[in-house]
Structures are given as structure tokens and as C-alpha cells.
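Asks: Sequence:
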Amino acid sequence: MAYNQQLANRIREQLQYLDAIQEKEMMGGIAFMLNDKMCVGVIKDEMMCRIDPARYEDVLDKTGCHEMLFTGKPMKGWVMIEESGLKTAGDFDYWIGLALDYNQHAKSSKKKK
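FYI, this note's numbering numbers position 27 of the sequence shown as 27, with every residue one higher than the one before it.
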């Protein structure tokens, strides 16, 4: 299934000032990698954010935010944000900011050989 191109463009525009950003199509969506670590992305019509696992429970109460499920199980530190949680520039900036902040501390994925 295709992902929301408008949302991807919105993210792309927000991250354009970063030198180490790469885009990878995966999971039927697109992921924006920063320093070789998945940071944000788009799956269908939702934004996916990798955030500090210590903040995970707190942000689930925010409008439009829900758990990211992988094989039916929630992935702590990963959230999905529906359109209702991205309506204002402030909302959008909040989620991008959380993902960028955590990216500095996040571990890189193990590279496949």
C-alpha cells in the first residue's frame, strides 16, 4: 500500500537542513534515517516516530498518538501519529523534535552483511 506523499514531503521539508539524512522505502512506507538510524517515517497516512522509551508512556496520551505494533506487539520507543495529532505546525514540530532529540542517543541498527 502506498504511503502519504504529502506527509512525507512535509517531513522532508522539515529535515532538509540536516546533512546526514537518508530516505529508505520500507514496510510499505518511507523512513527518514539520520546518522544511519531510523528517526521518523510515514506508513500509510501516519507519521512514525522513534522517541526516547522513557517518554513513551507519557506521549501515548497525546491527540492522535498510538502504539506502533510490530507482529501484533507494541514497540516501546516507537509511536504512530494520526493526522489529528499533526494538524498544527506546533504539533508537527513537537513530534519531529522528539524524534531528533532521541536520535542523538539511539543505537544504530545492526548492519546486515
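These aren't lab readings, by the way, just hints derived from the structure by calculation. Among these hints, one or two may not hold up.
Once the Cα atoms are required to be at most 27 Å apart in a straight line, the calculated DSSO-like pairs of lysine-lysine come out as [said to hold, decoys possible]:
hint	residue 1	residue 2
1	76	24
2	87	62
3	37	73
4	24	44
5	76	87
6	107	76
7	73	24
8	37	107
9	87	24
10	76	37
11	62	73
12	62	107
13	44	73
14	44	62
15	87	44
16	87	107
17	37	62
18	73	107
Computed Cβ-Cβ distance ranges for the label pairs, DEER-style [unchecked claim]:
hint	residue 1	residue 2	range
19	19	61	18 to 26 Å
20	77	44	14 to 22 Å
21	72	17	24 to 32 Å
22	74	26	27 to 35 Å
23	5	57	18 to 26 Å
24	87	12	26 to 34 Å
25	18	72	29 to 37 Å
We treat Cβ as the ideally placed atom computed from N, Cα and C, and that holds for glycine.
Asks: Each hint needs a verdict: does it hold in this structure or not?
Replies: Structure-based check of each hint:
1. About 22 Å separates the Cα atoms of residue 76 and residue 24, which keeps this hinted pair within 27 Å; it holds.
2. A hinted pair counts as satisfied when its Cα atoms are at most 27 Å apart, and residue 87 with residue 62 qualifies at roughly 13 Å.
3. Straight-line distance between C-alpha atoms of residue 37 and residue 73 comes to about 21 Å, which keeps the hinted pair within the 27 Å bound.
4. For the proposed pair residue 24 and residue 44, the alpha carbon gap of about 15 Å is at most 27 Å, so the pair holds.
5. The suggested pairing of residue 76 with residue 87 holds, with an alpha-carbon distance near 24 Å, which does not exceed 27 Å.
6. Between residue 107 and residue 76 the alpha-carbon distance is near 14 Å, which keeps this suggested pair within the 27 Å criterion.
7. Of the supplied pair hints, the one linking residue 73 and residue 24 holds, its CA atoms being roughly 23 Å apart against a limit of 27 Å.
8. Restraint check: the Cα-Cα separation between residue 37 and residue 107 comes to about 7 Å, which is no more than 27 Å; the hinted pair holds.
9. Taking the CA atoms of residue 87 and residue 24, the gap is about 25 Å. The hint holds against a cut of 27 Å.
10. In summary, the hint linking residue 76 to residue 37 is supported, as the alpha carbons are separated by about 16 Å, within the 27 Å threshold.
11. This hinted pair checks out: residue 62 and residue 73 have alpha carbons roughly 20 Å apart, not beyond 27 Å.
12. For the hint linking residue 62 to residue 107, the alpha-carbon distance of about 25 Å falls within 27 Å, and the restraint holds.
13. About 19 Å separates the Cα atoms of residue 44 and residue 73, which keeps this hinted pair within 27 Å; it holds.
14. The hinted pair formed by residue 44 and residue 62 meets the criterion: a straight-line CA distance of about 20 Å does not exceed 27 Å.
15. Of the supplied pair hints, the one linking residue 87 and residue 44 holds, its CA atoms being roughly 17 Å apart against a limit of 27 Å.
16. About 30 Å separates the Cα atoms of residue 87 and residue 107, which puts this hinted pair outside 27 Å; it is violated.
17. For the given pair, residue 37 sits about 25 Å from residue 62 by alpha-carbon distance, which is consistent with the 27 Å threshold.
18. The straight-line distance between the Cα atoms of residue 73 and residue 107 is roughly 21 Å, inside the 27 Å bound, and the hint therefore holds.
19. Restraint check, residue 19 to residue 61: a C-beta distance of roughly 34 Å breaks the suggested window 18 to 26 Å.
20. For residue 77 and residue 44, the Cβ-Cβ distance of about 20 Å falls inside the hinted range of 14 to 22 Å, so the restraint holds.
21. In this structure, residue 72 and residue 17 break the distance hint of 24 to 32 Å, their C-beta atoms being roughly 37 Å apart.
22. For the pair residue 74 and residue 26, the beta carbons lie near 19 Å from each other, so the given range of 27 to 35 Å is not met.
23. With their beta carbons about 32 Å apart, residue 5 and residue 57 fall outside the hinted range of 18 to 26 Å.
24. For the pair residue 87 and residue 12, the beta carbons lie near 19 Å from each other, so the given range of 26 to 34 Å is not met.
25. Taking 29 to 37 Å as the suggested C-beta distance range, the pair residue 18 and residue 72 conforms, at roughly 33 Å.
Checked against the numbered hints given earlier, this structure breaks hints 16, 19, 21, 22, 23 and 24; the rest are met.
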